[in-house]
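Model the full assembly from the supplied sequences, consistent with the hints where possible.
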Amino acid sequence: GAVVSQHPSWVICKSGTSVKIECRSLDFQATTMFWYRQFPKQSLMLMATSNEGSKATYEQGVEKDKFLINHASLTLSTLTVTSAHPEDSSFYICSAPPGLAGATPSTDTQYFGPGTRLTVL
Amino acid sequence: LAKTTQPISMDSYEGQEVNITCSHNNIATNDYITWYQQFPSQGPRFIIQGYKTKVTNEVASLFIPADRKSSTLSLPRVSLSDTAVYYCLVGPIYNQGGKLIFGQGTELSVKP
Numbered sequence: 274g275a276v277v278s279q280h281p282s283w284v285i286c287k288s289g290t291s292v293k294i295e296c297r298s299l300d301f302q303a304t305t306m307f308w309y310r311q312f313p314k315q316s317l318m319l320m321a322t323s324n325e326g327s328k329a330t331y332e333q334g335v336e337k338d339k340f341l342i343n344h345a346s347l348t349l350s351t352l353t354v355t356s357a358h359p360e361d362s363s364f365y366i367c368s369a370p371p372g373l374a375g376a377t378p379s380t381d382t383q384y385f386g387p388g389t390r391l392t393v394l
Numbered sequence: 027l028a029k030t031t032q033p034i035s036m037d038s039y040e041g042q043e044v045n046i047t048c049s050h051n052n053i054a055t056n057d058y059i060t061w062y063q064q065f066p067s068q069g070p071r072f073i074i075q076g077y078k079t080k081v082t083n084e085v086a087s088l089f090i091p092a093d094r095k096s097s098t099l100s101l102p103r104v105s106l107s108d109t110a111v112y113y114c115l116v117g118p119i120y121n122q123g124g125k126l127i128f129g130q131g132t133e134l135s136v137k138p
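Taken in order, these protein sequences are the chains called Y and R. In terms of my numbering, the first sequence opens at residue 274 and continues consecutively. In terms of my numbering, the second sequence opens at residue 27 and continues consecutively.
Source of the hints: derived by calculation from the structure; they are not laboratory data. Glycine residues also receive a C-beta, built at the ideal position from the N, C-alpha and C atoms. Errors might be hidden in some of the hints.
What the hints assert, rightly or not - Across the chosen pairs, the derived CB separations fall in these ranges:
1. Y:T290 with R:F65: 26 to 32 Å
2. Y:G326 with R:E43: 43 to 49 Å
3. R:I127 with Y:L394: 38 to 44 Å
4. R:R71 with Y:S346: 24 to 30 Å
5. R:T47 with Y:L394: 16 to 22 Å
6. Y:K293 with R:F72: 23 to 29 Å
7. Y:L341 with R:S135: 35 to 41 Å
8. R:T31 with Y:P313: 20 to 26 Å
9. Y:C286 with R:T98: 40 to 46 Å
10. R:N56 with Y:N324: 18 to 24 Å
Claimed, not checked - Simulated coverage check for chain Y against chain R, where a stretch passes if three residues somewhere in it have a Cβ under 8 Å from a Cβ of chain R:
11. 317 to 325
12. 355 to 364
To be verified - Below, in silico cross-link-like pairs of lysine-lysine (DSBU-like), each with a Cα-Cα straight-line distance of 35 Å or less:
13. R:K29 with Y:K293
14. Y:K337 with R:K78
15. R:K80 with Y:K328
16. Y:K287 with Y:K339
Encoded structure:
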């Protein structure tokens, strides 16, 4: 099946610094990718939809100026956590559906990356 | 997007069949039902997807009654490695604007 990678797999940073997380679709193109955040013992929470060549759309309550998303190519989306604070410590996961928008409707589901563990000290 | 309700947790023993039921009373006509599995500190992994009746693959079966207001994920002869959180999601397939919203999930614990 399709593979989605994330880098780094874990990161520790000091409070006030910015951290960039990459999400790549390795063997398919994705005009859209999704970013989730997951706190311990909780479910995944959708943060935003990353759109190639256009602005990301954020879910209600997610600060777009704090979580900067850039979808620079059909295989790469980045999430930058700016001025990170300890409460931003979480597990960040991206996903991508296979196929380009407008392709033949498919029941193919989304493929998830392995996640990035962010710890802010 | 249709809201889903699942049991928070379930316990089972190795070799048993496990059935996890998900309620989705407000499922829409173009919604599909998809189940994911997630191990700690990993991204979710697709298990099975269906629209109606029964779907079977090499790891699970999905039973969907005619009214589609619920679905049951069936895991045959579970092993310790099936201990994970299982999520039921309901929504349109991607090409119809499918955005996945995760519910609370069911934490399955398989004991020896």
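If you check each hint against the structure, which ones fail? 3, 5, 12, 14, 15
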